[in-house]
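Protein chains in written order, with the numbering used here: chain F, 6 to 451; chain X, 2 to 477.
It is worth saying that the hints were derived from the structure and are not from the lab.
Among the clues, some could well be false.
In silico DSS-like pairs for lysine-lysine, Cα to Cα no more than 25 Å straight-line [claimed, not checked]:
id : chain 1 : residue 1 : chain 2 : residue 2
1  : X       : 343       : F       : 8
2  : X       : 296       : X       : 157
3  : F       : 187       : X       : 343
4  : F       : 354       : X       : 343
5  : X       : 225       : X       : 63
Fair warning: this is a prediction, and the values are worked out from it, not measured in the lab.
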Amino acid sequence: MIKEIKLPEISENVESGSVVNVLVSQGQTIAQDDPIIELETDKAAVEVPASDGGKVTEILVSQGDEIKVGQTILKVETEQAADETASEKEEEAEETESVEEESAEKKTGTAEAKPAGGRTEQDAEQDTAGRTANAGKDTEEAERVPVPAAPSTRRLAREIGVAVEEVSGTGPGGRITTDDVKRHAKNVLGGGQAHGATEEKALPDFSVWGETYREPTSRVRQVTAENTRYSWQTIPHVTQLDEADVTDVEAFRKKHADAAEKAGGKLTVTAILLKIVATALRKFPRFNASLDMRNREIVYKKYVNVGIAVDTDRGLLVPVVRDADRKSIVELSAELSDLASRTRNKKIKPEEMDGGNFTISNLGGIGGTSFTPVVFSPQVAILGVARAETKPVYSDGEFTPRLILPLSLSYDHRVIDGADGARFLHWICTALSEPLYMDLEAKKDG
Amino acid sequence: MADRKTDTVVIGGGPGGYAAAFMAADLGQETVIVDPRKNPGGVCLYEGCIPSKMLLHLVKLKHEAESAESWGLSFGKAQVDLDKMRDAKDRVISQLTKGLGQLSKQRHVTHIRGTGKFKDANTLEIAAEGGKTESLTFSHAIVATGSRPVAPPGMKTESNLIMFAEDALSLPEIPNSLLVVGGGYIGLEMGTVYARLGAKVTIVEMTEGLIPGADRDLVKTYQKASRKTFDQIHTHTIVSDLEEKDGKVKVGLRSTEDDNESRERTFDRILLTTGRRPNSDSLGLEHAGITVDEKGFIPVNEKRQTETGHIYAIGDITGAPLLAHKASHEGRVAAEVIAGKKSAYEPATIPAVLYTDPEIAWCGLTEREAAAKGVNVTVTSFPWAASGRAVADNAADGKTKLVVDPESERILGVGIVGRGADSLIAEGALAVEMAALARDVSLTVHPHPTMSETIMEAAEVFHGMATHIYRPAKET
Chain F
6 MIKEIKLPEI SENVESGSVV NVLVSQGQTI AQDDPIIELE TDKAAVEVPA
56 SDGGKVTEIL VSQGDEIKVG QTILKVETEQ AADETASEKE EEAEETESVE
106 EESAEKKTGT AEAKPAGGRT EQDAEQDTAG RTANAGKDTE EAERVPVPAA
156 PSTRRLAREI GVAVEEVSGT GPGGRITTDD VKRHAKNVLG GGQAHGATEE
206 KALPDFSVWG ETYREPTSRV RQVTAENTRY SWQTIPHVTQ LDEADVTDVE
256 AFRKKHADAA EKAGGKLTVT AILLKIVATA LRKFPRFNAS LDMRNREIVY
306 KKYVNVGIAV DTDRGLLVPV VRDADRKSIV ELSAELSDLA SRTRNKKIKP
356 EEMDGGNFTI SNLGGIGGTS FTPVVFSPQV AILGVARAET KPVYSDGEFT
406 PRLILPLSLS YDHRVIDGAD GARFLHWICT ALSEPLYMDL EAKKDG
Chain X
2 MADRKTDTVV IGGGPGGYAA AFMAADLGQE TVIVDPRKNP GGVCLYEGCI
52 PSKMLLHLVK LKHEAESAES WGLSFGKAQV DLDKMRDAKD RVISQLTKGL
102 GQLSKQRHVT HIRGTGKFKD ANTLEIAAEG GKTESLTFSH AIVATGSRPV
152 APPGMKTESN LIMFAEDALS LPEIPNSLLV VGGGYIGLEM GTVYARLGAK
202 VTIVEMTEGL IPGADRDLVK TYQKASRKTF DQIHTHTIVS DLEEKDGKVK
252 VGLRSTEDDN ESRERTFDRI LLTTGRRPNS DSLGLEHAGI TVDEKGFIPV
302 NEKRQTETGH IYAIGDITGA PLLAHKASHE GRVAAEVIAG KKSAYEPATI
352 PAVLYTDPEI AWCGLTEREA AAKGVNVTVT SFPWAASGRA VADNAADGKT
402 KLVVDPESER ILGVGIVGRG ADSLIAEGAL AVEMAALARD VSLTVHPHPT
452 MSETIMEAAE VFHGMATHIY RPAKET
């Protein structure tokens, strides 16, 4: 029988993406879970696996198409005998009422519907939903006065992924209509024009001065543009600079490179910094927090997830190392190598880029004496790492050559004051110059 | 027996469980329902909502016939035949539950008679009828095992003279005197049945008044309307020192107010309606990675998923309100989520109804809740004495009230006490769900003469004028 393969729910809040590549061709026989298209979403590029195997009879999308969750990508002829179902018919089946026998008791009053046999393709989607279950969360919701929207309107909002509480109603008494929900979806989810309300200024005609050419921006570029603009507009940035003497750390790194290599990673400055930063985040919880402006609260996180900026040919992506404070340097090295290579090879899952509390951006491999990184909202701080250089350092009456690493810390002044920033960065620098310092401090904190 | 497999298993065949199973089957899931009884129905159909409604219907008929005497219609003294009544009640139950069995078959829902226990997060061990044990592997499970009555802590309940709702519904006899412990839904409904069949009924309630949760003005109107029903009502009172003696039960009724003053009383029977406990203790939930809260309820999210995402829980076992219509709605939501639909449990209101005489019903925000939460509201009400139909029907003891947001004029809550309030409240629920304004209701033409006009007129009162009430216009 012919089965349709649809775009599954890739990750929470991702409703659509653009097709970067079609990986199969008509007539080709594919197996279940074979990659069929490469899709670029707001969060990442992913390979979409086939939900069913079989011979490809029709391909309904092509490169550059913008496709939505649930949209049919291609059709396959499956080998198994036709079983009488089509999940997309279920809506109709539900509405097919047949007159009930007298025995159909009055209490339930449920109309009998034709059973639609077989499992639905949406099972896959269901499993995703299951993983993100957050039990017991709805109790506080029930406390409020209900949103002024009819049940049918609320259902529509849920189906198209709109949080109905955020929609402003235009109906009598502020009632939210289906049109309000659709307009909200278009504004907020679609173009992103809703917030800011800064109208884009028209560009001058560059051709007056010479030849130009145009390229569409990639999704990664668009998302970076939107995120950095949002951060820049909402976060009052302060950037603080400091230098760390990493001579001994460098010696340590070279000495233990083998151990990390055996564990499948590379002992890099970033890995060591990651360990130190994770420890610092535990010591300075304000840097491991987010600001909730709506409720005038600071959200402190009891976990330490650190994002690492990775330069890819698609642009800047930030995979997240979870619970970095609970992992050894060797473990972190291995995880970093794996994350970085999967990020570059487009194998990274969107959810692996979610949930970071702090970011490290290391441009030292490329060069530069220092830079001012942009905080990745809703995080409150980011550490920039530039290139280490051997410099003469005056101590004990003479100049000695020492390896000096320039660091820059940008932070959100709404949450963190200058003195806090200086203390945090100084702690990191001290921990880098005197590796035992961190241990000393960490134990003291228990 | 060989091990079985299914897409979705529903544990428990009450109004939540069968609604979930039917919806799951309708959405294409291979569905199994595990329940020890012959047909689905649960407590609601076998020993709850339905049989109690049947008995309440009979006693209402009796009471109305008796009341008609002063209006010139008499039938003579009513003859009560308990055996026949029991048979009729059993016929009603049988007809309805057989109907559900039939609907299960038509939908190809497999019913395994037995009780289920989780072995792990994907296997249910079923102690089936006749001592067999079988194991069922599932992709999704919906836990709908409901609740059971619970006695006040420390109370001995072995005596045959001490009844729970189920025992009371089996009509063992009409005692001369009956003590009902608990002034909530079940206590007042069963108390009404026994009182109208001739027992002298005393109600004791631990809190400050009957029906905790309802607005006091509704309860007051009810108590006035039903003042001849019960012999005595004691609030702020608890029962202690229960003792069976010479075929009667001796109890101490202790006031929680006046220095714990205790009076000794003797009753022929006692009915305990002091609360219910979730049936979550013997399900092996710990094997499926599910932890219950301190009261034994299973925490769920808005999709009714437990902490083990492919296992859902619905109905009484997820907590208040312990009502069949809440369970059915949750069941349909869970089944839709399993079938991949973006569904969620998010009703604005679960209407509450007491099928007393007269009935009491409310939905949405109560005046009490508004005060507790600090929500600014305007309350308007319409007394049934001003309703032509209520007076004509000898049902003038009633009241309809609206809880309205003064700014948006949106109807946030509706409360009704009076004959037929159980059905009338549906309009209120619709108004609350649709976020209707008082003006929407007052401009909707309601049929005359009906009790439903009281809702329309209460909405008119909000704007200062109602046809059948005179009140000087608001000064603004």
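Results of checking the hints against the structure:
1. 343(X) x 8(F): 22 Å, holds
2. 296(X) x 157(X): 21 Å, holds
3. 187(F) x 343(X): It holds: about 17 Å lies between the C-alpha atoms, which stays within 25 Å.
4. 354(F) x 343(X): Holds. Residue 354(F) to residue 343(X) sits at ~23 Å (cutoff 25 Å).
5. 225(X) x 63(X): 20 Å, holds
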